[in-house]
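With chain A's structure known, arrange chains B and C on it following the hints.
Residue numbers (the working numbering), protein chains in the order written: chain A, 195 to 745; chain B, 611 to 917; chain C, 39 to 541.
Incorrect hints may have been included.
Claimed, not checked - Selected chain B positions facing chain C (Cβ under 8 Å, derived; list incomplete):
1. Asp640
2. Asn647
3. Asp649
4. Ser764
5. Pro771
6. Ser772
7. Asn773
Claimed, not checked - Pairs of lysine to aspartate or glutamate residues, derived as EDC-like cross-links and limited to a Cα-Cα distance of at most 16 Å, are as follows:
8. A:Lys260 x B:Asp731
9. A:Lys543 x A:Glu479
10. B:Lys906 x A:Glu348
Since the hints were derived computationally from the structure, they do not count as laboratory data.
Idealized CB from N, CA, C, for every residue including glycine.
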Amino acid sequence: MNPDRFAEPVCRVENLGIALGGDHPIPLVEDVSFEITRGGYFALVGESGSGKSITCHSMMRLLPFKPEFRGRIVIDGQDVWSLTARQLMQFRRKSVGMVFQDPLAALNPVRTIGSQLLETLRLYYPSARHDELRTRAIEALKGVHIPMPEQRLEIYPHQLSGGLNQRVMIALAMLGEPALLIADEPTTALDMSVQAEVLDLIDEMRRQNNLTVLLVTHDLGIVRDRATHIAVMHKGRLVEQGSTAAVVGAPKADYSRELFAAANVEWPARETSALRQKPFALSFENVNKTFYASSRDRKADIGVPAAKAMSFAVHQGEIVALVGESGSGKTTAAKMAMGLVTPDSGTIKLHASAGGEKSKLNVQMVFQHPRDSLDPLMKVGDQLHEVLKVHGWRDAEARRSHIAQIIQDVGLGAHVLERRPTFLSGGEAQRVVIARALLLKPDMLIADEPLSAVDVRIQKHILDCFQRLRERLGIAILLITHDLRVVFEIADQVVVLRHGEVIEDVPVSLFTDGKRHEYTQMLIDAMPGKAASEQAHDPGHEGAVATGGRI
Amino acid sequence: MLLISRLLRAVVSLWVIVTLVFVALRATGDPILAIFNPDDTTQAALDAYREQWGYTGTILQQYLTYVSNVFHGTFGISNMSNRDALEVVLERLPATLQLVGCSALVMILVGLPVGAFAALDNGGRLDRTIMSLSTVGFALPNFVLGLALILLLSVNLRILPSNGYGSIQNLIMPVLTIGLAKAAIFTRFVRSAVLDALRLTCVTSARARGLSEFRIFTHHVIPNALLPLVTITPLLVGSMIAAGSVVESVFGWPGVGRLIVDSVAQRDLAVLQVIIMMVAFLMIATNLIVDLAYAKLDPRTALAHSH
Amino acid sequence: MTLLGAGAAYGLLGAPTLCFAQAGGSRSLRVALDELPKQLDPLLYQTNPGYRTMLNIYDTLLTVDYAGDGALQPALAESWKRIDAQTIELTLRQGVVFHDGSPLTVDDVVFSFSNGRMFDPKSPGYGVAQQFLSTIKTVGAVDGKTIRVTSTVADPALELRLTAWGSQIVSKKAFEAAGGFAGFARKPVGTGPFSVVSLSPDAVQLKAFPEYWGGKPNIDTLTYSSSPELSSRIAGLASNDFDIITDVPADQFEAVTRDESLEIVGGTVASLRIVKFDTRNEVLKDVRVRQALALAVDRQAIVDALWQGKVDVPHGHQLPAYGPFYDASKPAYKYDPDQAKTLLDAAGYKGQAIPYRIRTAAYGPELATAQIVVSMWEQVGVKIDLQIVENFAQMMAYPGVGMRNGVDPVLVNDPLFGLWRSYDRSQKDVWSNEEFFALGDKLQSSVDLDERKQAFARMMEIFDTDPPGIILHTMGVFYGKKKTINWKPIPSVYMNFREASVA
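Chain A with its partners taken away, still in its complex shape (with noise of 0.2 Å):
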C-alpha cells in the first residue's frame, strides 16, 4: 500500500449526526466518523434502515427532508454544509459523482439517454458546439462499455436493460471527473449475472481516474471481494471500522460478527439421495406456457415463453429450489402449481398423501412481499384466529394452543400474535405470513422469493425456520429464488430456469462439481463472495482484481 495516499483523504467524516427535525427530533445518524484515503474503496455496510444511505446522502446534501446537522463533512476540500447554494452546486459538479440503487429510476423516464447526457455535458462546457457536446456523450458511452453508443443517445431507459442504465448512471457521475464516487446500493436491482460486471465497471474506474470510491451495500460478497476499507453500521452508528481483512478476519463487534456469519457460504455436501426414494408431492410433466401481448400477437405466435417442457419434480419433505434471473419463468411456475395460472399443455400433479386419507395434497403459498398479504389494520392474533375460523375451527381454545405452537415453530415471540402488521420488522413480517400459511398444516410450501425483502441476517433466521419446519413437519418445500447462497444454505435439489426451459436439475451436492451447464456455471460464478470462500482469497490487496465478471 502507498502511504502517500493514506496522507491525503479525500473525505473526512466527523462526528457526524442526523436527525429528523421537529419538537421532539428523531435521531437517524449518530456520531458517525471516517475517512476515505485518495483511490481508496471504502464500504458502509448495514441493513436496510441502519442509517447507511441517511450517510451518503448526507455527504451530498441531497436528504429529501431538512435535517438537524451535527458534525463536519469535508469532502475534497469543501466543507459541504456551510457550502453556499451556489458553491454546493459545483461540488456536485466537479467533486462528487453519485450511482443509484435503481438505475431505471435514477434515469428520468421521459427524456432520452442522449438529452440527459447532453444536458450534463452542458454544465462543464458551457459554450461548447452541440455536435460537439454529442461527441463527447458518444465518448462517454464508449468509456463504460456501452455498445452502439450513437444509437444509444435516441432511446429512453426502459428500451435499455437494467444493466446498461446503471452504466448510463457511473457515465454520467463520471462526466465531471469527480474525486469521489459514491454508489448507493448499485447493484441490488440488477439480475445476477450483471452485478459483477457493473461492480467490475466501478473498478476500472477506480483504476484509470484515481478514484476514490464510497459503497454502500447490504451485500456483504462484494465487500470481501473489493473494498479495502469496511465500516459497519448498525442502528445510526459505526459500530466498526477498519481494513477489510481485519474486519472479515476478525469483527470485534458483536453485530458484525454475527453479520459475517450469516452471510458466510459453505459449498454444500449434503446426503439428499434417500429424500429422492419419498413419494412425490409435486410433478412437472412437458409443461407449456407462452404469454401474448394481444391477441394478434396470438394468432401470429409471437410470445414470451414460460415454460417450455418444462420437467420436474418435489418429493415429500424435499427442499427444492427453482433458480432463475427474472423472466426465467420461475414465478409462473409457482403459480401454475397453485393453480392460478393454467398451462396450455402438460400435466402438473399434485400427488396424494403416503397414508391415502386426502386425494390432493395441502399446498400453501407464501408471497415476495409480505406486508402486502396482510391487513395492516388487524393484529396478528386476529388474522390468524381468521384463517382457522373460516376453516371450520370452532374451539377458541385449540385454535389459540394451535397458533402458539405454530409461532414458536417460525421463531417468533408470543408478543407478535398482539402487534398490528405495521409494527413488525420485515422479517418478522414474513415468519408471519409464513405462520399462516403453516396453521392449515400444509404438505407442502410454495414460496416465492421469500428472502428478497429483508436483510442477510433476516435471512438466515428463516432458512433455519424452513430446516426446522422441513425436519419436525416433514413439509416439501418449493423455493423459488435467484439467489444461490439460498440454495446452497438449504435446498436438497436444484433446478435451474432459463426461457422458461429446465436447464439443471441435479442434486445440490452436484452443483459446485463444474460440469454444469455453461448457464449455471456462469451463474455461479457470478456470485458474490464465492471467492471468499472458495480459495483464502486476500481482500485486503489494494485494487482488487475482477473476479469472475465479463463484459
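Just chains B and C now, with coordinates in the frame of chain A:
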C-alpha cells in the same frame, strides 16, 4: 389497429348508452303526460301529439324506428321547438364550448402555477394557505359562488352584467365560477403530481449531477408531473359540462347544460339523445387525444411504440 | 332551486348606491323570464313563455278587456254580428299591415283558420287548436272585408273563441314563404305592436312596429332574456340588467322591495288552485266526506301564510271577469271543523287513509300548500296518505286514487272555459253528476244569456254540494319591476306591453 379497435369499442358504448337512455326515458311513464297537463289538454289533442311525436306502439317498435332514423342521419324532431334535434343542440354548442374552453383555460392557468408553488413550499405557510383556499373553493357550491360574484360585481360594483350571453363581459363571471371551482380541485392534483415528481430518484440524481434547481424543475419535475395531469384534465373538463347546467341557470347562459335539464323536464327525448351522443362522442374523442398526448409525453406507453 | 339566502346575502353586501343611467336615448324594456319561448307560432307553443311574448307579436280578430270585466272588444275585426246560434260575421279592420309591410286581407284570416294549420290531426297545430277552437266548422270570406265563422254545434261562445289562444292571425304569404310551421315559428310575421328581430336560446328581441294599427308603442325595443334562476333574476333587477322580472314568489318580495327603486306588481290570475276528488275512491264516494273535507280547510290561512294575502279566495267556481255571469252575492266558503267532524261521523268514516297526490314540479308552493291542508284535515280526524309524484302519468295512475292537487285555468273568461271545461263528461269516471252534465250541455249550446246564467248558477251550487274538488284560492303571478317603468300587469298569465312606457 389499436385506434380502430378503440373506435369500435367507442361506437358500441355509444350505442349502449343511447339505448339505455331511450328505454329509461320511456319507462318512467307516458312522455305525453309528462309534458302536458291533462287538466289543460283534451284527449284528442293528447292523442294527436302522441301520434305526431312517435310515442305510439311498443317501446321496441319506437326503438327500431329510432335506430333506423339514426342510420339515415335524422335524429328526430325536438318537441319543445319543433325543429331538428341536432340543429337545436348545435345551436347551443358554441355557448357551451366558449364556457368550457375558457373555464378550462382559467383552471389550467390558475391551477398549474398555484399547485406548483404549493408543492415547492410543501408544508410551508404558502402551501397551507393555498390548500385552505382550495378546500373552500371546491366545498363552495357553484351556485353560491356564482351568486356571490353577481352580488359583488353586478349589484354592488356594477362593473359586469349579471345575466346574458354574447359579449366578453357576459363571459367573465360564468367562466370564473366554473374555472375557479375546478382550479381549486386541479390545484390539488397539480400539487400532488409535482410532489410525487419531486420525490423521484431521477430528480435527486439530477440534483446530484449539479443541475440548477430551475433546470431540474423545468426538465425533470414538470415532464414527469404532467403525466398524471394529462389523465385527470379531460375528466375535470368533462365535469364542467355537468357544472354548466347550474352555472348556466344562474347566469342565463344558453348552453347545453341548461338544455339537458330542460329536455329532461320536458321529456324532449330526441334532443336528449342527441346531447348524450354528443357528450359521449366528445368524451371518447378527448380520451383518444389524451392517449395520443400521453404517448407523446411518456415514451413507455403502448401507443408510443405503434408509431 | 330557490336560494333563500339570496335576499339575505344581498342585504349583507348593502343596497346599491350607484345607479347607471339607461343606455342611450332609445326607450328599451328588458324583461327577464324563467324560460324563453323556443318557437313563436301560437299554435305550436301554449305555455307561459309563449303567453308572455306572443301577445305582443300577434293580434286576434276580437279581444276582451282582461283588466276589467272581460267584455268583448274589437281588434282586427272592427265589428261583429251574431247571425244565428252557429254563425257570426265579422268586418275586417281596414289598413292593418303585417310586420313585413303587406296589408292584412281576408285571405290571411281564412288561411290562419285553415285545415292545414288547425284541423288536420296530422298538423302540428292540431293539439293547441283543439283547446278552444274545436267547435269551429268553417272560416270563410264573404267579400273583401267580411268574414263568416260557423260552428259545428250551437255555440254561445263562438265570439270568445276568436279571442282565445290559437286564433291569432298570421301572414299567409310569410307562412308559405317560410315553408310551413317550423320555418314560420322562427321568423314569425304578425300584426302586433312589436315585430320579431331575433329568436335565440338566450334572448328574444322585439322592436316597436311603427305602423301598428293601435298606434306605435311607447317603447322602442322589447327584450326578453332567459334567467332561469330566481336569485339571479332578482340580482339582475337590482343591478339594472333587467327592468321587469317574472315569477317572484311571496317569500322573496322583501328581497326585491329592499331596494327603494324597485317594487312588486301583479296578483291574482285567472286560474284556480283546486284539490280534486276521485270518486272511485271508496271513502270519497260519500258526498258527506267530500263536504267535510271542504269545510275543514281554512283557505284564508293558506293565502295569508303562503301568498302574503295577495291572492283571492273566490266565492264559488267563478271570476269577476265573467262579467254577466259573475254572482257577486255568492257567500264565502265556510271554515267549520266541527261541522266537518259531524259530517264525517254521519258518513261512518273510520279513519281509512285517503291517498293525496301532489306533483313536485308544479306552480306555486305546492308542497307547502299540501302540508298545511293535510294538517287541517288531520285536525278533524281524517287520515291522509300524502304521495309526492313526478308527473301527471303517476298523478292519474289508477287504482290507488283519492285526491290530487290541480289547477283549473280560465284562459277565456266564460264559465264554459272554466267550470265546464274542467268538469265535463270527459272525466266522468272520476266524478259525475247527471244534472251538472245536463246543465253544462245547456251552457254550451244555448245562446240565450239568461238561460245560460241560470244554468251556470245551478252548476256552481252542485260544485259546492256534490263537490268534485275543493277550491283553495286563485293563483297569483308576481313581477318585480323598476318603479320608473310604467306597466300594469293584467289578471292573466299574459303580459301585455302595448301600453307600457319608460318614465
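Honestly, which of those hints from before does the structure not fit? none
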